[in-house]
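*Asks:* From first to last, the protein sequence lines are chains A and B. Residue numbering for the first sequence is 1223 to 1493, as defined by our numbering. Residue numbering for the second sequence is 1223 to 1493, as defined by our numbering.
It should be emphasised that the hints constitute simulated quantities derived from the structure, not laboratory data. Worth double-checking, as some hints may not be accurate.
Intra- or inter-copy, both count: the list cannot distinguish identical chains.
Okay, derived cross-link-like pairs now, PhoX-like style, lysine-lysine, Cα gap no bigger than 20 Å in a straight line [unchecked claim]:
| hint | residue 1 | residue 2 |
| --- | --- | --- |
| 1 | K1260 | K1405 |
| 2 | K1227 | K1271 |
| 3 | K1260 | K1225 |
| 4 | K1413 | K1313 |
| 5 | K1300 | K1413 |
| 6 | K1405 | K1436 |
Here's the letter readout for the chains.
Number of protein chains: 2
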Amino acid sequence: MSKLKRNERIGALVKILSDNPNKIFTLNHFTGIFDAAKSTISEDLVIVKKFMEQLQLGKVQTIPGASGGVKYIPFLNKKDTLEALNNICQKLKDKSRVIPGSFLFMSDIIYNPVYVRKMGEIFAAKFIDEDIDYVVTAETKGIPLALMTANSLNIPLVIVRSDNRVTEGSTVSINYVSGSTGKIQTMYISKRAIKNGANVLIIDDFMKAGGTAKGMVDLMKEFDANVKGIGVMIATKEPRDKLVDEYLSLITLEKVDLEEGIEIYPNENIF
Amino acid sequence: MSKLKRNERIGALVKILSDNPNKIFTLNHFTGIFDAAKSTISEDLVIVKKFMEQLQLGKVQTIPGASGGVKYIPFLNKKDTLEALNNICQKLKDKSRVIPGSFLFMSDIIYNPVYVRKMGEIFAAKFIDEDIDYVVTAETKGIPLALMTANSLNIPLVIVRSDNRVTEGSTVSINYVSGSTGKIQTMYISKRAIKNGANVLIIDDFMKAGGTAKGMVDLMKEFDANVKGIGVMIATKEPRDKLVDEYLSLITLEKVDLEEGIEIYPNENIF
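Please take these sequences and the hints and turn them into a complete structure.
*Replies:* Quick look at the structure:
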């Protein structure tokens, strides 16, 4: 392979770093790939860092010391983020989405990688400093969003099941009250899923009363895990008092009414 | 904003293209962002194309004509791919994973974005020319892999449910025989999920007899959809005759035996 030029090294650095968010690469890793001196790679990284911030494409962090290196972390660009969330709200306002029971059909949005990868980056950017070990979600509708959040944080996803499945091995279960229906339900998690004392981030697609989130918080106690945050795509405005105290929702759903329409908007307090 | 240098433009081009796999960008899109002439962007792209291929980081395709532009598509790097699959097999060979019933505990692998994003890229690279409209999977364990495949193809994911949920609106259901247990089960899909006559790619984590895959194939007939491919992460060696004719599996599971060990290996015929 012929030696790479600076602009080729820079392109490759951007690709490798941004494909592996929140993963630390040593400079030696790149000297090997590019057959270039450490000082050369350092200079390359200064350039990458500068234009990535200038164009708001992400943040490149240098970690000093023996275990140091460089990593890419997603960046919360306010204009882009609001535009993306407004776009989602616009789609959700379509009255043909109203399902008997005043539910909104959302599967096409919450299963679409184009939307969930953006929202996953938002959650990752918000919780990146919390030293999270696992993203936790309850099946099924929150899984795509939770996976994309885990992807941007470069950490494993844990899925809490609504049935006890043989493939999960020994499980821990908890009963919880679904805030919306008032029914008692059970959730199950594999005993092997989470290391004791870990830091977790709970992610879900939708929060009404917060029963599912509360159930996951309680389940985490079985692992002595620390819930460092709860993030949901959409929270309803009512009831105002949810079963969990603190959570971050990207979008507020105020009203679903076939006559009067659907009131839904991004939360300004994300930033 | 000061004018960008060539190496800065190249870095930004790589970031924007590879963040949006399989999405066509016009050259005008970039002339706007970079405040640069079309001919300059064209020259930049020639450089990007060359080193991305040289370093096997991906493929950058130029699409001529009025609706033309440029797009990034994932590339199947044989060495990296085999290394990644071998690494997964190595982990799965651990005897402590054997669960009563000779199942293998795999949730930590199939829910981990680091593994599923690589496997999603493999499927995307294999099926990129099939003009796929939707990736389809059945809940729950295949969702992360299917989402990452959809992400690399830049198309929506559709999740077939095992229960009839109010939030899916009107559904179409089908009964199918689980090949492994012989039990009759039902799967449900939202009527709004798939446009008539669409091209679909079915993705799942595991195939034994192929009953679930066959169920999804039958369900697709209700939408006059064309099943362009079936991809599974792991297929068991036995039974050799699956209920579906053609499928691509990344890994073969030959034996799970607490005494004799676990035989599992990547499929050479992926390439």
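*Asks:* Confirm or reject each hint.
*Replies:* Each hint tested on the structure:
For the identical chains of this complex, K1260 and K1405 are neighbours neither inside a copy (61 Å) nor across copies (61 Å), given an alpha-carbon limit of 20 Å. Taking the shortest alpha-carbon separations for K1227 and K1271, both the intra-copy value of 18 Å and the inter-copy value of 14 Å come in at or below 20 Å. In the homo-oligomer, the alpha carbons of K1260 and K1225 lie at most 20 Å apart inside one protomer (15 Å), although the nearest pairing across protomers, at 28 Å, exceeds that limit. Only between protomers do K1413 and K1313 lie at most 20 Å apart by alpha-carbon distance; the minimum there is 18 Å, versus 40 Å within a single protomer.
Taking the shortest alpha-carbon separations for K1300 and K1413, neither the intra-copy value of 39 Å nor the inter-copy value of 36 Å comes in at or below 20 Å. Taking identical chains as interchangeable, the C-alpha atoms of K1405 and K1436 lie at most 20 Å apart only when both belong to the same chain, with a minimum of 14 Å there against 34 Å between chains.
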